[in-house]
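End of the sequence shown = 282 in UniProt numbering, gap-free, step of one.
For the record, the hints were derived by calculation from the structure and aren't laboratory data. There's no promise every hint is true.
Ranges of calculated distance between the beta carbons of each label pair, as one might list FRET restraints [stated by the list, open to error]: (1) Val4 x Val229: 40 to 46 Å; (2) Val59 x Arg123: 50 to 56 Å; (3) Val101 x Gly68: 33 to 39 Å.
It should be emphasised that the depicted structure is a prediction, and the values quoted were computed from it without experimental measurement. By construction, the Cβ of each residue, glycine as well, lies at the ideal position given by its N, Cα and C atoms.
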Amino acid sequence: WPVVTVGYAANNILPVRLGEIVRAYYLNIREGVGKTSGLATILIERVFDGLALLFLVAVVSLFIPVTGLFQDLGDQAHVNWLFLTLSLSVPFFTLTTGLIVMAIWPQTIESLVGWLLKLIPKRIQPVATTLSSQFLLGLSALRYPRRLGAIFMLSVPVWLSEATMYFLIALGFDLQDHFPSISLLVGVLILTTATSNLGTSIPSTGGGVGPFEFFAQATLLFFSVDVSVASAYILVLHAALLIPITALGIIYVWMSSSSLTELARASQKDSSVPESKPVSLR
1 WPVVTVGYAA
11 NNILPVRLGE
21 IVRAYYLNIR
31 EGVGKTSGLA
41 TILIERVFDG
51 LALLFLVAVV
61 SLFIPVTGLF
71 QDLGDQAHVN
81 WLFLTLSLSV
91 PFFTLTTGLI
101 VMAIWPQTIE
111 SLVGWLLKLI
121 PKRIQPVATT
131 LSSQFLLGLS
141 ALRYPRRLGA
151 IFMLSVPVWL
161 SEATMYFLIA
171 LGFDLQDHFP
181 SISLLVGVLI
191 LTTATSNLGT
201 SIPSTGGGVG
211 PFEFFAQATL
221 LFFSVDVSVA
231 SAYILVLHAA
241 LLIPITALGI
251 IYVWMSSSSL
261 TELARASQKD
271 SSVPESKPVS
281 LR
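Given only the sequences and the hints, what does the whole structure look like? Please build it.
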């Protein structure tokens with residue numbers, strides 16, 4: 001939990017998801033897990049987060065038409081709505097397939113990587129070999145169908161719990177008055193949870209400030225929520241999502257006699273240094 005919290009806090013402060021590197025470095029410090037293996041497990045988590053969010057969109061679409069929403073999002077973003085939809089979904093399916101292939105056939109991937117590494121200077125080949133081996137080691141959980149299912153099934157309730165937070169804060173703004181039924185409000189808020197988080201999955205600003213507001217507000221406005229109410233609600237919601245976890249992460253780092261700035265600098269400095277000897281997956 002402290003490692004996850006520190007990673008989220010760093011992501012909320014640093015741009016382009018540099019917090020993931022900080023999290024892998026902090027995991028290495030606390031638990032002795034190789035930094036590259038840690039990055040692999042974080043990548044798995046993020047990919048399955050995306051799949052869980054897409055699953056929620058699919059479920060909600062059975063009861064609420066969503067095609068018009070994505071068309072509206074595309075119009076507001078000044079891009080083709082189909083291109084926007086594919087950009088928010090295809091990468092997760094592609095990454096999932098690629099990661100599973102690498103996990104199931106690590107020996108083949110190692111051989112391929114070994115051949116490719118012959119094209120780079122010999123002095124950095126040992127480092128690159130170690131990093132690739134550690135990364136493949138971090139993907140080992142994906143070799144087993146039962147674990148794949150468990151990872152996915154654990155991701156869904158995590159996002160439903162966040163959607164519950166969306167709902168509770170929405171009640172404080174009387175958003176239920178904008179919908180004919182509570183069930184429709186719940187569906188729209190689950191959809192808002194998905195769109196706002198899928199929108200921030202693209203590396204951008206710290207904490208997703210900007211993209212989060214755009215996708216969340218556009219979703220609520222599409223369902224006829226008043227713009228002033230939607231804006232105020234999203235402002236409070238995003239603050240509630242960012243401030244507590246960021247403060248807790250800073251406290252954890254402070255208790256370890258460090259700082260997020262020091263961790264960020266150290267993680268970037270050490271990102272190219274192998275943490276151990278190459279690991280053979282044969």
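Evaluated hints:
Between Val4 and Val229, the C-beta spacing of about 33 Å breaks the proposed range 40 to 46 Å. Val59 and Arg123 have their C-beta atoms about 52 Å apart, which keeps the hinted 50 to 56 Å range intact. Checked against the hint of 33 to 39 Å, the pair Val101 and Gly68 passes, with Cβ atoms roughly 36 Å apart.
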